[in-house]
Amino acid sequence: MSEMKEMIIESASKMFEKYSTKEAVNESEKGVWAGDLWNSLAENGMLTVAVPEELGGSGGDYDDALSILRLAGKYSAPIPLAETYMANWLLAKFDIPVGNDILTVAYEKNMQPFQFNKDGEGFVVTGKAKNVPWARYADKLIVLGETSDGTIFSLLDLKDAQINQGKNMAGEARDEVIFDHVFVNDPVNRFIGRDDFEKTVLYSGALTKSVLMAGALEKILEVTINHTNERNQFGRPLHRFQAIQHHIAHLAGESASAGLAASYAVDSFEKDPFSKEIALAKIRVNEAAGKGNPIAHQVLAAIGFTYEHTLHHSTRRLWSWRDEFGTESEWEEVVTDELLNLDKDGLWSLITGVENYSKEVEVK
Amino acid sequence: MKALQIPVVELPKETDELRREIRQFLKEEIENGSIVPKCDCWLSGFSAEFSKKMGERGWIGMTWPKKYGGGERSSVERYVVTEEMLAAGAPVSGHWIADRQSGPLFLKFGTEDQKQFFLPKIAKGECFFAIGLSEPNAGSDLANIQTRAVKVDNGWVLNGSKIWTSGAHVAHYSIVLCRTSPQDPNNRHAGMSQLIVDLKAPGVTIRPIHLMTGEHHFNEVFFEDVFIPDEMVVGEVGNGWAQGMAELAYERSGPERILSTYPLLNELTNILVENKDRNGLKQVSRLVSRMWTLRNMSLGIAQLLEEGVPSNIIASLVKDMGTKFEQEIAEITRLLVSVVPSTDSESLIEKYLAQSILQSPGFTLRGGTNEILRGIIAKGVIQQ
Ligand SMILES: Cc1cc2nc3c(=O)[nH]c(=O)nc-3n(C[C@H](O)[C@H](O)[C@H](O)COP(=O)(O)OP(=O)(O)OC[C@H]3O[C@@H](n4cnc5c(N)ncnc54)[C@H](O)[C@@H]3O)c2cc1C
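Protein chains in written order, with our numbering: chain A, -8 to 355; chain B, 586 to 969.
One thing to keep in mind: the hints can contain errors.
[To be verified] According to the in silico footprint, chain A covers these stretches of chain B (three or more CB under 8 Å from chain A):
{"#": "1", "region": "682 to 694"}
{"#": "2", "region": "829 to 839"}
{"#": "3", "region": "851 to 857"}
{"#": "4", "region": "869 to 879"}
[Said to hold, decoys possible] Subject to a maximum C-alpha distance of 30 Å in a straight line, what follows is the list of computed BS3-like cross-link-like pairs (lysine-lysine):
{"#": "5", "chain 1": "B", "residue 1": "Lys861", "chain 2": "A", "residue 2": "Lys335"}
{"#": "6", "chain 1": "A", "residue 1": "Lys158", "chain 2": "A", "residue 2": "Lys190"}
{"#": "7", "chain 1": "A", "residue 1": "Lys267", "chain 2": "B", "residue 2": "Lys867"}
{"#": "8", "chain 1": "B", "residue 1": "Lys709", "chain 2": "B", "residue 2": "Lys598"}
{"#": "9", "chain 1": "B", "residue 1": "Lys623", "chain 2": "A", "residue 2": "Lys262"}
{"#": "10", "chain 1": "A", "residue 1": "Lys5", "chain 2": "B", "residue 2": "Lys587"}
If you're looking for bench data, these hints aren't it; they were derived computationally from the structure. Quick reminder that beta carbons are idealized off the backbone N, C-alpha and C, glycines included.
Take these sequences, add in the hints, and give me the full structure.
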């Protein structure tokens, strides 16, 4: 790890520790915006990492940003950091300057684009998006739109929207956003193919979710281990029981696997934003959530089943996040498309990334 | 958690050429009938001739110093060779143990004479080793071994027996862990030493123990007043336990803990692709995601070991998860293809499926059972 990265991680850890507390996470579920946390990240330039300085970002690479995000996952940070990164990276790709706005992105499978009807300098916008993360707190929303000249993505101001509050299993805001013939003066619009937009959001969504989940899985392992040190039954700490040790070993395996799978996805993203590593990682990380959560709950038993304990901050998030931006089954479809194109005995080339014959030779 | 951190490894581009060279070699060997691929090849695929060919190509002892017949190549390059061999199901069991652990043990603890004598032969693929650890009353509880050596002039006299010794009937030597001082109830790991035993020496008797399939794979090895010259002690007398444990991370995290049934997965994929079976391939996708993760863990550990970072906990994790994964490939395959598995079938899928199922109990036993590994993992992460 570079020294730079270590510094980023250290200072981000401090901020999450200070502001993403048990109380802040619980308050957020009751409808209180975690403003202190957001503002401290903003003040330290952590919302615009991996956006070049010329565009108002704080520089660095995806790996830097995603190391911060992994911590956000570990601390159950109740803010749209992943969504803001996704939005900022998309804007930056189109040379649109970014700032410290709270951003979110509308994405659903088979979503209906918002209708943009030209009206003088602006557009009359009509559309509806469900399960928009954190929309009630966000300043702006990225949507897929349709104009008479083609499909676009647009950065819409949410103060003009009607918002119906909803939530996921973790109590994170997942709201319905409705634009009902709203006139928008000169919005930030860019032409983009529908497939391109959907794929960009899906892959960056799966990547950021995998990273958040890797952080949460690290957390439930720590919580589980600490509990087995502190809790005594039959006159000894729980971790002295072999059945409990085996639970811990299993959970450690899931946590380590998810962590490394996410790291490989991050590593691939710079080279290929639609990499197969992102697909493989989301499958593996989702699986780890499904296997890891029951272990943590079994080991913590009744106390871990309460609202009072913080285990549920992570486990409810893991259960929610594994279905956001692709279940195992959906990503398996994507990998299956690749497998269907394999030559005989080609699986090994896919896994190693090395064809049996070098491409240069084939060309000659 | 620090103990679970594994680096992302970028394989150098040069290794692509190495892979192609190996694949071309293996393709020819298979096509001309010199070798017959099989599952679990690193333990049950033996060919002295093939080991020799690998030695000629510099694919044994790859990382060792040139003056001992090695190739001074990186451990990542060695990783590439081993995983290509396993993926192809090549008969590598002859030299496997010597290349993986006996050679490195000599490099770390051996005398100059031992290095000069053994390493070049191993690297040529002409000298095979067997692991002499388990005894009838010392399985998981290895510290309970009773085989012992008594000091005499110029050497030691060895008495006792080892059991489950893989390949003792084809190996030239075994590194035997034995007591060189009486058992100390206060320090169970003290007083043990590692001796190099010539398996042709007077007093050594090797008796086959047949696997449930009838195959002759492992053995019982008896020592009756076997004279071991002083020059055949590895490292320090009394330090045998620590020396043996130092090599465990290598033994536990290699690609052989993931790929024992890979030929079956490959054949399954071939069939499903040919049948355009989307549902079947979805299940393969899940396996690929797991295998990809495990391989990355194993590769990361190979790099950590080269850097000298202790990796016992994650190595145990890879072995626990990897060996269960190897078993699962067979369980999933049988539900996706309707075949009658048989070791003598002409059809590859039937043959590989039978091999995988019948060898599978060994995957989670050999080299330390999964229950023992989980204990190591749990204690390791709790201490963090
Ligand atoms: C294919 C194969 C090849 C082998 N090759 C070699 C070889 O070349 N050289 C060699 O020396 N040995 C070899 N072995 C032996 C192998 O190392 C042992 O089988 C293994 O260490 C387990 O010992 P055991 O069979 O005596 O089982 P036991 O130790 O009797 O274990 C029986 C069961 O009890 C469990 N158990 C035992 N102790 C504990 C504990 N403390 N906590 C929880 N569970 C426990 C075990 O996990 C297992 O499930 C080989 C074994 C196999 C299957």
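Hint-by-hint comparison with the structure:
no. : hint                 : in the structure
1   : 682 to 694           : violated (count 0)
2   : 829 to 839           : violated (count 0)
3   : 851 to 857           : holds (count 4)
4   : 869 to 879           : holds (count 10)
5   : Lys861/B to Lys335/A : holds, 13 Å
6   : Lys158/A to Lys190/A : holds, 24 Å
7   : Lys267/A to Lys867/B : holds, 14 Å
8   : Lys709/B to Lys598/B : holds, 27 Å
9   : Lys623/B to Lys262/A : violated, 37 Å
10  : Lys5/A to Lys587/B   : holds, 18 Å
Hint check: violations occur at hints 1, 2 and 9; the rest are consistent with the structure.
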